[in-house]
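Protein chains: 2
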Amino acid sequence: MRTEIASLGEFGLIDRLTESIKLTNESSTYGVGDDAAVLSYSSEKQVLVTTDLLMEGVHFDLTYVPFKHLGYKAAIVNFSDIYAMNGTPRQITVSLALSKRFSVEDVDALYDGIRLACQQYNVDIVGGDTSSSLTGLAISITCIGDTEKAVYRHGAKDTDLICVSGDLGAAYMGLQLLEREKSVLKDEKDLQPDFSGKEYLLERQLKPEARKDIIEKLAAANIVPTSMIDISDGLSSELLHICKQSKAGCRVYEEHIPIDYQTAVMAEEFNMNLTTCALNGGEDYELLFTVPIADHEKVSQMEGIRLIGHITKSELGCALITRDGQEFELKAQGWNPLKEEK
Amino acid sequence: MRTEIASLGEFGLIDRLTESIKLTNESSTYGVGDDAAVLSYSSEKQVLVTTDLLMEGVHFDLTYVPFKHLGYKAAIVNFSDIYAMNGTPRQITVSLALSKRFSVEDVDALYDGIRLACQQYNVDIVGGDTSSSLTGLAISITCIGDTEKAVYRHGAKDTDLICVSGDLGAAYMGLQLLEREKSVLKDEKDLQPDFSGKEYLLERQLKPEARKDIIEKLAAANIVPTSMIDISDGLSSELLHICKQSKAGCRVYEEHIPIDYQTAVMAEEFNMNLTTCALNGGEDYELLFTVPIADHEKVSQMEGIRLIGHITKSELGCALITRDGQEFELKAQGWNPLKEEK
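Protein sequence lines correspond, in order, to chains F and U.
Start counting the first sequence at 1; every next residue gets the next number (the UniProt record's numbering).
Start counting the second sequence at 1; every next residue gets the next number (the UniProt record's numbering).
The following block holds chain F by itself, in its conformation from the complex (with noise of 0.2 Å):
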């Protein structure tokens, strides 16, 4: 079935996407419906904006993203940028723009993503916008949440211990072998491709998850980073940015990174550098940050947290050691989409 937007007109679309969603946050004053969401917070919180505009054919590609889970990675990416910041995600605009090749039921599905990545991580979409474009899909989130301190990039010091979540590569192999069964089945529709035994790595790629689970824990353990990333474009980038803000350079060990047994295989399939892939892999949505050695034990401690190096003066500059004992400098070889133009 397929209804196309037009004859719902911009503000009928609106209302359909719109008149299910209730608000569940205390300072979600007003939603939808206004020229403005009205937010009320506390003085005692600070309040965090980040933002994200993905475009399709850049940020995502419709031949292999399910509409569902579009959506809702649009939504966990922006709420991962919160929590990278020691903060709760509260509020979402979602702007969309869509050219005719869209139906109802593609923005239904999308919206329904977006939802439920809301739900899950108790969030109020409280605004947007949504018109045309002339080709493509363009996806615009805003994302607010408040913090009682917030935690930065530029507050790693000397000695203290570099920490990452998660393991590390799996969603950029997810990329891989999407891409890879899309070229082979290009020309063979019927073929259903087989991810047995790789699961793992297209979840990471189309279903990733923010870290709320580790802001939490950090909460309950009294842990206060002194400095907090997410890692989007892959962990040189994101050590690069941490070093580069807080004027101090890192050891970080390649036999401490954390990594999945399936991107593993996946690498070797590929016969690529699986340290490669796990520094500069990209979506891994993980939280990269640093705690003073006097937190060493306790967040040793911490399931799901692995120590992977740590913060040096800046003259060291920040290298990698392999498992032989090499130093080699990281270069963010991230994921750059103003780049891959060239």
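No lab work stands behind these hints, which were simulated from the structure alone.
Nothing false has been slipped in among the hints.
Per the computed footprint, the stretches of chain U lying under chain F, defined by three or more beta-carbons under 8 Å from a beta-carbon of chain F, are:
| id | segment |
| --- | --- |
| 1 | 33-46 |
| 2 | 128-142 |
Only some residues are given here: those of chain F computed to face chain U with a beta carbon under 10 Å:
| id | residue |
| --- | --- |
| 3 | 11 |
| 4 | 37 |
| 5 | 41 |
| 6 | 81 |
| 7 | 85 |
| 8 | 91 |
| 9 | 130 |
| 10 | 138 |
| 11 | 142 |
Computed from a predicted model, the values in this text were never measured in an experiment.
Cβ coordinates follow ideal geometry from the N, Cα and C atoms, glycine included.
Assemble the complex: chain F is given as a structure, and chain U must be docked to it using the hints.
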């Protein structure tokens, strides 16, 4: 001169665009450069959030809109939404998606316009996102503001007076003029169009302002509107929003709708119905609001504000009273890019 964006890369471009940014608002704690901006609002204020996604070919046409004007307008339309809530804009985030067609110089000019608007209205750029697009330019701006008393669309009451700032229809006429010149001059590159005597129309289309002054005047006169909205889709459409959400009707008098002389001349030249242009031409960014009848004297003395009618009981519907006393039902024929797709 043309510098390729790829030669700077994403982070290089962001650095270039944001290096000169200074934060001037007390509530702007931390701006560009981390996972999220950090804002500090006092509990007495409500926080307002509005967002707009502008797509090339739908919301703007670069064949006659200079980049600097585009940037200025993209910011202004968001400020206007904050004023329409009886608020003050404080911060914006700016996301851009750019195809290879655009140079660093183009983006500089676009950002110059955004920065100029921010300076004029004392708003801080606190974040954003820059990436590539397959075709065209997409601009997403989110504006955050504050208010001590939010004014919604839904507060209009029977017998309230309907007021509008400035004059209507000029921006629409400016657009018609630019579209005409575009088609006339399509094949004659060297001809310069003659816009003398029509400067006001072009200014209203290319460099609109948000009505900060009206919000300040109302506050100074101790008038709190019962409802308010900014006119972006045309007077009819906005009046219907107010009446629908306020569960009310209205009577608007054709003879009281404020129209500039140039708008009238241009409508004559294009053989268009002037009232239709004023009712349905979009992008005026004037404020439409209602006040209790007790404020009649105060509001009628305010410069730049015109009383155009009054709110009625819902049963009476929404109608325009023409100069010869006839009643016509108001209809929203406003600018609607989703409907235009048909």
